[in-house]
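Peer 1: Sequence:
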Amino acid sequence: MIARTHGVLGIASLLLLLACGRSLPDSYGIYAETNHGRVLLEGQSVRVAGTMLAPIPGVIGPAGPECTSLRDFIVYKKDVQPDSIGLVRLDFRKDSDVRNIFGVTHTKVNLWVPQERVQVEVKPVETRRDMYLIVPKQALKNGFYAVYIGSFGGEFGMGGPVYDIVVGSVRDFPSYHAAIASRQVEAREQAAALLKRMNGFFDSGNYADLADVYRPADRLMSDAELQEFVSGNKTWRESAGKIVSSDITAVELLEDGESARCSVRTTYERAGVQQETVLVKRIEGRYFITDIR
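Start counting the sequence shown at 1479; every next residue gets the next number (this note's numbering).
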């Protein structure tokens, strides 16, 4: 719900602005009063996932600025009804069950969607037509927020663009594509480091620290499995020779969000170039190789 105040409160809000030495913007726009001063929020378009019967509107990721604290907003736009102005906190939604003409289906969303309406007071500034002061009733915690004009919540963005800002760091609220790119870089770096150690075991024949690198099927090998693995590697090394180079050529992130399949171009002294595949997975906060083919 949005609280509207008129008359005395509107004058009081203006007097508060002036008493604090705050100027009023001269140009139309949506502004945020932050620890960095007043910033103009450019706004962004809304994307829609889901189905026609159950649309899920959201935004790709932060397009506006970041700050460490935020006091209030100033909405200065023509023909805006005060009860159409609102503020929400956004959260990332990966997927969702949605209705369609055949029933219910599971679909990818990968958007930042309205999670919680923030309680605000909307105070008109009496000496400025079309200007409103938007004051959150509680201090905004770190998060990704958006000011909207028009319908919102389940109909997010149907009334036009939204104006977002991050309290905290924008790095904590990446778009789906940015998050995927970051995870690919992380998986590639971790896989390269693990392969380097694994290749060292292969070339030296010393597998004492293998459990720190290799967890087939996400678990430690039994003594019998370890002996079989070491024996197989010894046979292959005698045939193929030591490893000359090992380069990751592609990284594919898997649906579980913890694993990546890496294509590897390995060159051996005698066997030459071999195309191999390594599966890496994050287990209890650490990456391990869980499969080699």
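Do not take every clue at face value.
[What the hints assert, rightly or not] Okay, derived cross-link-like pairs now, EDC-like style, lysine to aspartate or glutamate, Cα gap no bigger than 16 Å in a straight line:
# : residue 1 : residue 2
1 : LYS1720   : ASP1681
2 : LYS1586   : GLU1604
3 : LYS1619   : ASP1650
4 : LYS1759   : GLU1716
5 : LYS1619   : ASP1681
6 : LYS1555   : GLU1604
[Unchecked claim] Cβ-Cβ distance ranges computed for the label pairs, FRET-style:
#  : residue 1 : residue 2 : range
7  : ILE1761   : SER1647   : 21 to 29 Å
8  : GLN1616   : GLY1763   : 32 to 40 Å
9  : ARG1675   : GLU1594   : 50 to 58 Å
10 : ALA1671   : TRP1714   : 16 to 24 Å
11 : VAL1526   : TRP1714   : 33 to 41 Å
12 : ASP1557   : GLU1520   : 19 to 27 Å
13 : LEU1518   : ARG1666   : 35 to 43 Å
14 : ASN1684   : ASN1620   : 17 to 25 Å
15 : SER1647   : ASN1578   : 53 to 61 Å
Source of the hints: derived by calculation from the structure; they are not laboratory data. Every value quoted in this text rests on a predicted model; they were computed, and no experiment measured them. Virtual Cβ for every residue (Gly too), placed ideally from N, Cα, C.
Peer 1: Would you list, in rising numerical order, the hints stated earlier that this structure does not obey?
Peer 2: 2, 4, 5, 9, 11, 14 and 15
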